[in-house]
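Chains as they are written, first to last, in this note's numbering: chain A, 1 to 200; chain B, 1 to 200; chain C, 1 to 200.
Calculated from the structure, these hints are not laboratory results.
It cannot be assumed that every hint is accurate.
If several chains are the same, the list does not tell them apart, and a pair holds so long as it fits within one copy or across any two.
[What the hints assert, rightly or not] Distance condition first, Cα-Cα at most 20 Å in a straight line; then the derived EDC-like pairs of lysine to aspartate or glutamate:
id, residue 1, residue 2
1, Lys95, Asp38
2, Lys22, Asp12
3, Lys95, Glu158
4, Lys167, Glu183
5, Lys162, Glu99
6, Lys95, Asp73
7, Lys22, Glu96
8, Lys187, Asp164
None of these values were measured; they are calculated from a predicted model.
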Amino acid sequence: MTYFVHESSYVDELVTIGSGTKVWHFSHIMKGAIIGRDCVIGQNVYIDTDVVIGNNVKIQNNVSVFKKVTLEDNVFCGPSAVFTNVINPRSAYPKEFDEYSSTLVKQGATIGANATIICGVIIGEFAFIGAGSVVTRDVLPYALMYGNPARQHGWMSESGNKLDFQKKRNGALVASCSTSQTEYILKNNRMSKINENHAD
Amino acid sequence: MTYFVHESSYVDELVTIGSGTKVWHFSHIMKGAIIGRDCVIGQNVYIDTDVVIGNNVKIQNNVSVFKKVTLEDNVFCGPSAVFTNVINPRSAYPKEFDEYSSTLVKQGATIGANATIICGVIIGEFAFIGAGSVVTRDVLPYALMYGNPARQHGWMSESGNKLDFQKKRNGALVASCSTSQTEYILKNNRMSKINENHAD
Amino acid sequence: MTYFVHESSYVDELVTIGSGTKVWHFSHIMKGAIIGRDCVIGQNVYIDTDVVIGNNVKIQNNVSVFKKVTLEDNVFCGPSAVFTNVINPRSAYPKEFDEYSSTLVKQGATIGANATIICGVIIGEFAFIGAGSVVTRDVLPYALMYGNPARQHGWMSESGNKLDFQKKRNGALVASCSTSQTEYILKNNRMSKINENHAD
Chain A
1 MTYFVHESSY
11 VDELVTIGSG
21 TKVWHFSHIM
31 KGAIIGRDCV
41 IGQNVYIDTD
51 VVIGNNVKIQ
61 NNVSVFKKVT
71 LEDNVFCGPS
81 AVFTNVINPR
91 SAYPKEFDEY
101 SSTLVKQGAT
111 IGANATIICG
121 VIIGEFAFIG
131 AGSVVTRDVL
141 PYALMYGNPA
151 RQHGWMSESG
161 NKLDFQKKRN
171 GALVASCSTS
181 QTEYILKNNR
191 MSKINENHAD
Chain B
1 MTYFVHESSY
11 VDELVTIGSG
21 TKVWHFSHIM
31 KGAIIGRDCV
41 IGQNVYIDTD
51 VVIGNNVKIQ
61 NNVSVFKKVT
71 LEDNVFCGPS
81 AVFTNVINPR
91 SAYPKEFDEY
101 SSTLVKQGAT
111 IGANATIICG
121 VIIGEFAFIG
131 AGSVVTRDVL
141 PYALMYGNPA
151 RQHGWMSESG
161 NKLDFQKKRN
171 GALVASCSTS
181 QTEYILKNNR
191 MSKINENHAD
Chain C
1 MTYFVHESSY
11 VDELVTIGSG
21 TKVWHFSHIM
31 KGAIIGRDCV
41 IGQNVYIDTD
51 VVIGNNVKIQ
61 NNVSVFKKVT
71 LEDNVFCGPS
81 AVFTNVINPR
91 SAYPKEFDEY
101 SSTLVKQGAT
111 IGANATIICG
121 VIIGEFAFIG
131 AGSVVTRDVL
141 PYALMYGNPA
151 RQHGWMSESG
161 NKLDFQKKRN
171 GALVASCSTS
181 QTEYILKNNR
191 MSKINENHAD
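Could you put the whole structure together from the sequences, leaning on the hints where they help?
Below is the structure:
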């Protein structure tokens with residue numbers, strides 16, 4: 001199996017696209033970009049020069065992934081989500097590449113539809129950015145964020161359910177995902193999955 | 001008279017498009033979609049599989065109408081308005097079609113430019129969603145909504161004027177549209193047009 | 001030197017494009033538009049009939065510049081920034097051209113990514129509209145605006161640095177840009193550059 005690019009899209013030279021990935025209509029992948037396997041690149045997507053995108057990333061319609069934005073495995077970008085890479089753009093004062101700010105979206109995170117991500121932030125693993133939010137600073141792993149500016153309104157499981165930390169166990173709060181039954185622990189305002197190492 | 005599709009756009013098989021409808025540049029209409037007559041479909045619009053769109057609907061540039069979103073007659077979608085159809089998307093946990101949430105935009109409603117409509121809501125007849133709003137729940141007919149999250153800030157007439165309910169008549173508040181002179185009544189927080197049945 | 005238009009884009013008749021300007025993929029420039037020199041027009045941009053755009057204007061991906069929107073020299077429009085030109089659109093009550101509201105973005109101003117500009121406003125010289133903002137009224141020159149609705153949160157220099165007005169000189173507040181060292185003066189809530197006329 002190999003990848004698919006719709007006839008209306010442009011893929012520039014020196015691009016790497018993983019097996020099973022689909023690039024739909026009116027999209028443009030710039031030189032040197034690396035896209036993992038089993039990704040979906042929607043309509044009118046733009047992937048900038050040398051951008052790196054992990055495996056199984058879903059990029060919905062109208063998303064532009066600019067230079068210095070990195071999307072790890074299993075990231076979901078909703079339609080019309082917007083990234084940036086210059087914090088204070090002025091047409092008469094163009095920035096050099098080394099003045100761009102980096103944005104890192106860690107594995108499994110969700111960027112909701114029409115959300116705006118101001119550059120220079122790290123969005124933690126499995127964070128969930130609600131639709132229409134404006135993210136202005138770093139986001140904790142598993143954090144549920146929304147609003148303008150986005151503020152934290154709880155925690156989300158890996159499969160996308162809001163967690164209700166009410167049970168206590170050995171001094172920490174514990175919750176389980178309503179669909180997967182996976183257990184999570186909340187301690188010192190950091191959430192993690194209970195696995196063999198953490199089990200008690 | 002029949003419909004027009006610009007040469008740069010794609011219309012898949014089994015699509016129905018009404019007479020007088022225009023599909024402009026770089027748009028894609030998916031299989032089985034049904035679009036009424038006298039619609040305008042702007043640049044870079046996406047109409048998903050089996051979506052149903054009424055008559056005289058205006059869809060401005062960059063709007064994607066996803067599966068399970070329905071637009072009734074005379075709906076106006078401003079540029080870059082964003083719909084969704086999964087409430088908690090995660091790339092590693094794809095949803096089945098029957099897990100998508102429906103969105104219904106009823107006749108005559110306006111979705112402002114760059115507004116975000118979170119799935120699962122009904123937007124009432126002639127509701128008016130201001131530009132840049134984020135709609136998170138059902139919207140009453142004729143309601144004027146804006147903000148993030150969108151809250152109600154008044155009532156709009158069918159022709160798009162804000163109503164000023166100050167006159168009282170038989171225990172209900174009455175207002176008339178400043179351009180059409182049509183009269184409306186507000187009772188128990190529900191607004192309606194005064195017609196032969198309601199006239200007093 | 002002359003201008004460049006990517007093969008996937010459409011430029012209609014009677015368009016004027018200045019030397020050095022680049023029009024990238026999947027864009028459409030309508031009849032009668034006038035675009036200055038050294039502009040960058042990104043992917044999926046739409047320039048409406050008779051729109052006038054100055055020199056050295058950067059228009060990022062997915063921006064539509066509608067009729068009666070004017071962009072002066074050195075304006076920066078971030079990706080997916082959204083303009084409008086009808087204040088109360090209704091599909092069943094289409095507006096005539098003379099009912100559209102004008103929007104003027106003055107020289108050097110920045111419209112942040114995914115910002116929404118409600119029509120009928122003037123955005124002053126070198127104003128800076130933060131990403132994801134919704135602008136609902138006129139913006140002062142050099143004002144830093146953000147939020148929904150956008151409110152002023154300070155002042156920006158021409159080269160894009162936030163100014164800290166703490167020094168006083170002859171009864172007015174004075175600040176200097178951290179990169180250019182240019183001095184600015186704030187008096188009666190109006191900011192200006194200190195030049196030969198204002199120097200003291």
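Query raised in the report: Is it within, between, both, or neither for Lys167 and Glu183, if the alpha carbons may be no more than 20 Å apart?
Result: Answer is within: at 11 Å inside a copy they meet the 20 Å cutoff, but 56 Å across does not.
Report task. At 20 Å max between alpha carbons, let me know whether Lys95 reaches Asp38 within a copy, between copies, both or neither. Result -> between (34 Å within a copy, 16 Å between copies)
Query - Status of Asp164 relative to Lys187 across identical chains (alpha carbons, at most 20 Å) - result: within (14 Å within a copy, 39 Å between copies)
Query - Within, between, both or neither, where Lys95 and Asp73 count as close if Cα-Cα is 20 Å or less - result: For Lys95 and Asp73, only the inter-copy Cα distance (18 Å) is at most 20 Å; the intra-copy one is 29 Å.
Report task. Since the copies are identical, ignore which copy is meant and state whether Lys95 and Glu158 lie within 20 Å (CA to CA) inside a copy, between copies, both or neither. Result -> Classified as between: cross-chain Cα gap 14 Å, same-chain 37 Å, threshold 20 Å.
Requested in this report: Please work out whether the CA atoms of Lys22 and Asp12 approach to 20 Å or closer within one copy, between two copies, in both situations, or in neither?
Outcome: Classified as both: same-chain Cα gap 16 Å, cross-chain 18 Å, threshold 20 Å.
Report task. State whether the alpha carbon distance between Lys162 and Glu99 is at most 20 Å within one copy, between copies, both, or neither. Result -> For Lys162 and Glu99, the Cα distance is within 20 Å only across copies (17 Å; inside one copy 37 Å).
Query raised in the report: Should Lys22 paired with Glu96 be assigned to within, between, both, or neither, using CA atoms and 20 Å as the limit?
Result: For Lys22 and Glu96, only the inter-copy Cα distance (19 Å) is at most 20 Å; the intra-copy one is 32 Å.
Checked against the numbered hints above, the structure breaks none of them.
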